[in-house]
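Each protein sequence line maps, in turn, to chains A, B and C. Using my numbering, the first residue of the first sequence is number 8, and each one after it goes up by one. Using my numbering, the first residue of the second sequence is number 16, and each one after it goes up by one. Using my numbering, the first residue of the third sequence is number 1248, and each one after it goes up by one.
Calculated from the structure, these hints are not laboratory results. Beta carbons: idealized from backbone N, C-alpha and C, even for Gly. Any given hint could turn out to be false.
Stated by the list, open to error - Some chain B residues near chain C, calculated using beta-carbon distances under 7 angstroms:
| # | residue |
| --- | --- |
| 1 | 145 |
| 2 | 339 |
| 3 | 342 |
| 4 | 365 |
| 5 | 367 |
| 6 | 374 |
| 7 | 384 |
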Amino acid sequence: MVELLDVITVGLFTAALRMTTPIAFASLGGIFSERVGIINIGLEGMMLISAFAGVAATYFSGNPWLGVLAAVLVGGLLGLFHALLTVKFVGNQIVSGTGINIFALGFTAYMSQVLWGSRGASESVQGLEVVSIPLLKDIPIIGDIIGTHTPLVYLMLIITVLSYVVLFKTPIGLRIRAVGEHPAAADTAGIDVFKTKYLCVMVSGMLAGLGGAFLSLGHLSLFAWGMTGGRGFIAMAAMIFGNWMPFGAFGASFLFGFADALQMRLQALGLLPPQIILTIPYILTVAVLAGVVRKAIPPSNYKPYVKE
Amino acid sequence: MTTAIEMNGITKTFPSVVANDKIDFVVEKGEIHGLLGENGAGKTVLMNILYGLDRPDEGQIFVNGKEVEMDSPATAIKLGIGMVHQHFMLVPSLTVAENIILGKELTKNKVLLDMNRMLNDVKDFCERYKLEVDLKAPVYTLPVGVQQRVEILKALYRGADILILDEPTSVLTPQEVEELFKAVRALKEQGKTVIFISHKLKEVLAICDRITVLRRGKVVGAVKADETILGELAETMVGRKVVFTFKKKRIKTREVVLKTENLKAIDDRGLPALKGVDFEVCAFEILGIAGVEGNGQTELVEVLTGLRKATEGKILVDNNDITKASPGERIRLGISHVPEDRHKRGLIPDFSVMENLILGSHNKPPFTVGRVRLNFEKISNYAKRLIKDFSIKTPNKDTPVRHLSGGTQQRVVVAREFSRKPKLIIASQPTRGLDVGATEYVRKKLVEMRDQGCAVLLISADLDEIWALSDRIAVIYEGEIVAIKDPEKTSERELGLLMAGGKSG
Amino acid sequence: MAEKTREQYLETKELLRRFFSRLELELRRILPQIIAILAAFLAGAIVLLLTGYSPIEAYGALMRGAFGDAFGVGQTFTQATPIIFTALAFLFAFKSGLFNIGAEGQLLVGGFAAALVGISFDGLPSFVHVPMALLAGALAGGLWGFIPAILKAKLGAHEVITTMMLSYVAFYVTGYLVNYPYKAPGWVSQTPPIAPSAELPRILQPTQLSASILIAVILVGLTHYTLQKTTFGYEVRAIGLNPAAAESGGISITRGMILALVISGAMAGLGGAGEVMGVHRRFIEGFSPGYGWDGLAVALVGGLNPVGVLLAAVLFGALRSGGMVMTRVTGVPLDIVSILQALVILFVAAPMLIRYLLKRGGFKWLSS
Chain A
8 MVELLDVITV GLFTAALRMT TPIAFASLGG IFSERVGIIN IGLEGMMLIS
58 AFAGVAATYF SGNPWLGVLA AVLVGGLLGL FHALLTVKFV GNQIVSGTGI
108 NIFALGFTAY MSQVLWGSRG ASESVQGLEV VSIPLLKDIP IIGDIIGTHT
158 PLVYLMLIIT VLSYVVLFKT PIGLRIRAVG EHPAAADTAG IDVFKTKYLC
208 VMVSGMLAGL GGAFLSLGHL SLFAWGMTGG RGFIAMAAMI FGNWMPFGAF
258 GASFLFGFAD ALQMRLQALG LLPPQIILTI PYILTVAVLA GVVRKAIPPS
308 NYKPYVKE
Chain B
16 MTTAIEMNGI TKTFPSVVAN DKIDFVVEKG EIHGLLGENG AGKTVLMNIL
66 YGLDRPDEGQ IFVNGKEVEM DSPATAIKLG IGMVHQHFML VPSLTVAENI
116 ILGKELTKNK VLLDMNRMLN DVKDFCERYK LEVDLKAPVY TLPVGVQQRV
166 EILKALYRGA DILILDEPTS VLTPQEVEEL FKAVRALKEQ GKTVIFISHK
216 LKEVLAICDR ITVLRRGKVV GAVKADETIL GELAETMVGR KVVFTFKKKR
266 IKTREVVLKT ENLKAIDDRG LPALKGVDFE VCAFEILGIA GVEGNGQTEL
316 VEVLTGLRKA TEGKILVDNN DITKASPGER IRLGISHVPE DRHKRGLIPD
366 FSVMENLILG SHNKPPFTVG RVRLNFEKIS NYAKRLIKDF SIKTPNKDTP
416 VRHLSGGTQQ RVVVAREFSR KPKLIIASQP TRGLDVGATE YVRKKLVEMR
466 DQGCAVLLIS ADLDEIWALS DRIAVIYEGE IVAIKDPEKT SERELGLLMA
516 GGKSG
Chain C
1248 MAEKTREQYL ETKELLRRFF SRLELELRRI LPQIIAILAA FLAGAIVLLL
1298 TGYSPIEAYG ALMRGAFGDA FGVGQTFTQA TPIIFTALAF LFAFKSGLFN
1348 IGAEGQLLVG GFAAALVGIS FDGLPSFVHV PMALLAGALA GGLWGFIPAI
1398 LKAKLGAHEV ITTMMLSYVA FYVTGYLVNY PYKAPGWVSQ TPPIAPSAEL
1448 PRILQPTQLS ASILIAVILV GLTHYTLQKT TFGYEVRAIG LNPAAAESGG
1498 ISITRGMILA LVISGAMAGL GGAGEVMGVH RRFIEGFSPG YGWDGLAVAL
1548 VGGLNPVGVL LAAVLFGALR SGGMVMTRVT GVPLDIVSIL QALVILFVAA
1598 PMLIRYLLKR GGFKWLSS
């Protein structure tokens, strides 16, 4: 037991914040999509392809920030594609998302083989440097936890706040919420329902793209097969757990990020077989869904909106 | 005086029906103009054309004397036309103020919503038109009458000078109707023009300056409200004298079929919906439950059919306690149910007529072999018989129900539920949305079943329907039965008062 | 006499007319699927071209590998077998309105349970041991379906995420079992071989095609029969199409959904058992290259119809078996197969997209 307690250190929390980042990005992405009534289970695949695109762009340009840009663009494109299939062509949201997920796994492995001759992992590329926030890093404990990270971690924190402001304090946020909950009412109020949906699902993909970029460029500096490891799904659970609210989703993401960090620590210590520890986030997700969803009422009407 | 609206020779044809046939419709500025007609007479189609939701096949539209191309609601709004739909277009979780300003938001720093400025703006509006609402309340917490006020405010905020109210009284209590009338008169004083769509004669006479009557897509009269009398108008509207009564074969028994004792239940939001309901329905009797919608009727029907749990109390059928029985067990005990929303609860649209006709009897002989396999020969013969007996207009028994008209779909429900030899029928809004023919058919069938000895519980928001069919009338208000009356010893006025929560005299 | 021949003639003519109008109807019904497959191959060709491979060579090698000789055909059917199971699993749950996207995990636990029974008993007669192992696979898969089912029914946990999550759990739990307690000596993560009495016979030597395909085909018939001809199937379909109306009609939604998902899981589990008992004769870590996902695609491409599933499974089996040959001969990465699959799913997801593309492409007459 002593060994177990030794695991709980400041470093664990630092790692937890790091592991929170990709989940929180995707989770915020989930919120934007679901707030306009589109389920995006393709978050997982969008993250994965973006992670790959980030590494590929960095590999060719040598600049990880171009990699991040590529990841965001690719994520946005996939979001647009999901919106096209489900909004314009009224396709099934789950099937479309699943298709994106399978495509992502196959496409990234294929391209990884083409580019680097291995479907398992890419060559290492220049990752994002960590930065220290001057005053913040000097605060004891807190400074250790949040003082020094890659800029994407700080971007995630900023976007969490920004998402809240956009959704609840701006006209576009009001319109987004109206479109999701009662598209016909929004339509009669002169709001372009379809445009709003496209925009939000694209943003959803872009945020997932940032999550993917963090995994490959901010965390490992390479692309590995299936490296998202279900984080897109976990992000959906965090979104539900967080009641479709940005801060709630961030909090829930931190819970999962913490579990992830803990799992890595335990694994490093060799206390338990890795396979058993690796199940923790998934079991936790199921538990969260089972315990919390009873009260969770989605803010949206997921039926496709068809104009008469 | 100039005209606010002039529609000339409007014709609109749908695949199966001519909805508007060369209609001329003129509304003067500053008047309250009634558009009167039965369901299906073409009122809504005409107004949808005026509001840009539908395009006419032929005809011209003039607004304030100028010809216009009405291609979308946005154009209509720009021209100062506002519409309050029968089904409100409000976002339930947003506040009143947010709903009103939606799409016309004010900002500060060009980015953030300026809620204070908008609240002040809207408050001014409310005062000017004497429409009082709590601007910060989420819409879903408000009573229907108040929600309607929000809809009117929304239209005014968008600069409406001409306001179309589509069947505005259908969801209101008599008292709320009074409030609405006050507001409409205030609008007129402010110089607004109002088009008031209704199928209720008395209301139109009470509020309107002039009235246009539609029947089967044609204008059959345009009159000044005070020049005419009720009877004439009724005749004009329906095209024949209406004597809407059913011969009542009074068979008095005290053989109680359904009895509830102190029945309580909560609604989907967890609030008490039924607060101790007691009543009985006997064989050979139709008990009508009158009430404004949303007073617990839906929950009552669900509790009686086993779709919702009773939190307290008892339901007895033939003196057997069925409070805990499942919906399936209740069907087997002889309870039939005509649900209020046939698309939601009554039918499986993708199933064929045949498959829909056995729903509920699908799991017992003669339709099964050993309760496992379906007996298609028997099922097919049964379906053919019901299609014939109930004149279900379908190409064949294998046609998916979704392809049938609303009236025909309801016939499928009625055929299925009435052919099970029920001892108790629970019919909830059985004629909602049906045309005159289908309505009469369903009502006739209900009375037939009563005459054969069935106990019938009829829940309807249409007081006329309750009046025409019931042997006794119970009034439900806020989850309680506030009175049970003999139709011969009560008046519409008294019932209206009871429905609104008042005491009877 | 002439009268009679004429009557017969007319009768035959009428029969033929009916046959052809039915055929046309069926063809029109499956047209979107066929076009989806073609479109996927076209898009896949673009990927191949852009990455410097010749699509003609690649697809050619794929087809030759899959159907070129008896061995290829055998391997195609071998690969199709588990996909039939997982496709039926997806289909059955879908008919009750549930998305079981966790067939992969159900297949794994089913396979492991069968392996466990296979290695734990010795000296049993085959006619006892084989059914026992199959039953164990079905039960384990069923259990893996029961968990999300009960969570959905009692707590409202969305099955899309829970089945997915449990798939990961199954992957790691079987991974643990095969690496620690049940690991056979050696460097490969696999269990010891099952007793010969638990083996399903190979029916087309030297390919790995086993009797599991017979079980799969029987299951296709059984699924069709259950859905269309039984009271239970009627209830399942009613729940899937309109749960509220089904409930009003006295059908227990909870019971129907739980049963459907348990049956769904059991079918996937049986598929895993078939792989272990017929193909590998032991549980090997990672033996499934994603049969669960293939199943989803196949169910959709098969028009959510058991017989359609059979045809679509052969196509996907061909992709898998021919894909290996293609990789060996042309060096095209095997993952192009997943790309093709995903594209098929995406094209099938939105039939209106296909209709739109047809209209744009000038094939208006086909698009009605």
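Evaluation of the provided hints:
no.: 1; hint: 145; result: violated (42 angstroms)
no.: 2; hint: 339; result: violated (14 angstroms)
no.: 3; hint: 342; result: holds (5 angstroms)
no.: 4; hint: 365; result: holds (5 angstroms)
no.: 5; hint: 367; result: violated (11 angstroms)
no.: 6; hint: 374; result: holds (4 angstroms)
no.: 7; hint: 384; result: violated (9 angstroms)
Going down the numbered hints, you'll see the structure goes against 1, 2, 5, 7, while the others check out.
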